[in-house]
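With the hints as constraints, model all of the structure from the sequences given.
If you count the sequence shown from 1, position 229 lands on 230 in the numbering used here, and the numbers rise without skipping.
It cannot be assumed that every hint is accurate.
[Claimed, not checked] Simulated restraints on C-beta separations:
1) Pro390 - Glu182: 48 to 54 Å
2) Arg243 - Ala139: 52 to 58 Å
3) Pro153 - Arg359: 52 to 58 Å
4) Ser89 - Ser371: 17 to 23 Å
5) Pro90 - Lys240: 39 to 45 Å
6) Glu76 - Pro390: 28 to 34 Å
[What the hints assert, rightly or not] Only pairs whose alpha carbons sit at most 27 Å apart, straight line, appear in this in silico DSS-like list of lysine-lysine:
7) Lys103 - Lys240
8) Lys331 - Lys369
9) Lys331 - Lys415
10) Lys331 - Lys81
11) Lys369 - Lys415
In case anyone wonders, no lab produced these hints; they're calculated from the structure. Just so it is clear, CB atoms sit at the ideal spot from N, CA and C, and this is done for glycine as well.
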Amino acid sequence: MYVSPKAQTGSSRRKPRVSVLARGPRAEIEGMERMEHWIGTWSASPMNVWPGDAVLYGFHRQTVRQVVRVSTGGERLRLKLSNEYGASPIRIGAATVALAAKDGALDAASIRHVAFGGETQGDLAPGAPLLSDVVDLAVPDLGQIAISLYFPDFAPIETYHYEAQQTAYISEFGDFAGAAELPVQQTSTSRYFLSAVLVERAPDSGSLVCLGDSITDGFGSTVDGNARWPDRLAERFAKSGRLSGIGVLNQGIGGNRLLASRARGANALARFDRDVLGFPNVRWVSVLEGINDIGWPETMLAGRPEAVAVESLIAAYRQLIARARLNGIKVLLGTLPPFGGAFEGQPLRTFYSPTKERDRQAVNAWIKTSAEADAVVDFERALADPANPSRLLAAFDCGDGLHPSDDGYAEMAKLFEEAFESLLRGQ
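As structure tokens, then:
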């Protein structure tokens with residue numbers, strides 16, 4: 002497990018320092034005062050509904066069951082819900098968390114009812130998150146859990162996460178939050194109101210936030226396969242003696258940009274406080290954003306001319322680096338992967354052009370030579386076709402020229418781990 006190079010110091014009362022390797026997630030030392038230490042282990046960034054994206058408009062007297070795979074486990078957890086873009090309160094009539102079984106079913110012995118301020122029901126206020134009470138449930142590293150939410154009143158979907166790459170199960174009428182088997186009316190591949198899972202870990206533990214766009218969100222990866230590059234990274238961390246215990250949070254949003262917020266979630270500068278600084282004990286942040294700022298202008302996605310200068314993107318990166326460092330967070334900046342031929346033969350074919358390719362290369366040149374981030378992850382090198390570096394290698398292309406395949410995402414995770422290990426060695 003990762004052990005911070007700097008020992009944590011207490012107040013006037015001296016407390017024994019405990020190696021994370023010795024503690025595990027819950028191990029106690031006899032006579033030692035318990036101190037809660039929470040880190041994020043899973044996340045999905047809340048976003049507004051873009052017209053045409055939402056398949057569902059709301060839930061009424063239905064139970065929604067959502068499966069997530071944590072990155073690092075623990076014996077106590079908390080849930081975080083969000084109604085950030087909602088205009089009205091959302092009533093949570095019942096909530097449970099359990100170890101997930103197959104096809105939306107639960108491990109019956111593990112079902113735990115979730116409370117909010119000591120009550121079994123809760124209200125998601127407009128524009129606000131809702132943090133649950135502590136739940137005692139042992140979850141292993143890379144364990145899959147299912148969160149069930151019952152909505153007794155109409156709950157309009159105004160806050161969600163569009164591309165979950167994971168099946169959500171929506172019930173027939175009724176409160177089935179505590180039922181091992183869910184009578185499924187329909188399924189979806191979006192997230193609804195669920196934004197994060199926190200676990201209690203040892204005092205030296207921390208998390209890595211992966212801030213990005215659809216490439217981080219895992220567009221094109223196998224649904225229910227946990228094949229996004231942060232998923233593969235969490236698997237690599239879990240197998241590593243030094244890196245196990247680090248939470249990996251995926252804060253990617255498909256279509257997201259560094260500078261513009263017209264659609265597909267708030268831009269990276271605007272959401273940085275919520276999606277990075279809003280989590281406890283974040284130690285590192287990965288930033289892989291900018292290709293949509295370059296590609297969106299002059300396409301059907303852009304409602305008006307939105308060309309962005311390379312200098313503006315560099316200024317945005319510098320802002321993110323400065324804000325992270327102000328909070329003691331180290332920054333790993335990723336180069337923008339190749340996108341030559343993106344969406345060929347499709348309405349979005351103008352996403353790529355030789356001029357936009359020059360902008361991508363200029364951004365990457367700054368990332369690789371400026372030495373302003375704490376580390377650089379050269380995703381461009383990992384994914385490019387050596388015979389045509391402006392394009393993805395065919396084996397790493399999901400088929401649209403922009404997003405990696407499952408193998409491409411795995412290659413990104415491998416390269417990231419190497420850069421991350423190098424960063425830790427230099428601390």
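To see whether the hints hold, each was checked on the structure:
1. Separated by about 52 Å at the C-beta atoms, proline 390 and glutamate 182 satisfy the suggested range of 48 to 54 Å.
2. Checking the proposed 52 to 58 Å range against arginine 243 and alanine 139 shows it is violated: the Cβ atoms sit about 23 Å from each other.
3. Distance hint for proline 153 and arginine 359: a CB-CB separation of about 55 Å, consistent with the stated range 52 to 58 Å.
4. At roughly 46 Å, the beta-carbon separation of serine 89 and serine 371 lies outside the given 17 to 23 Å, and the hint is violated.
5. The hinted window of 39 to 45 Å between proline 90 and lysine 240 holds, with their beta carbons roughly 43 Å apart.
6. Distance hint check: the CB atoms of glutamate 76 and proline 390 are about 48 Å apart, inconsistent with the given range 28 to 34 Å.
7. Simply put, lysine 103 and lysine 240 have alpha-carbon atoms about 24 Å apart, close enough for the 27 Å limit, and the pair holds.
8. Between lysine 331 and lysine 369, the direct Cα distance comes to roughly 16 Å. Compliance with the 27 Å bound is thereby established for this hinted pair.
9. In summary, the hint linking lysine 331 to lysine 415 is supported, as the alpha carbons are separated by about 19 Å, within the 27 Å threshold.
10. At most 27 Å may separate the alpha-carbon atoms for a hinted pair to count; lysine 331 and lysine 81 meet this at roughly 25 Å.
11. For the hint linking lysine 369 to lysine 415, the alpha-carbon distance of about 19 Å falls within 27 Å, and the restraint holds.
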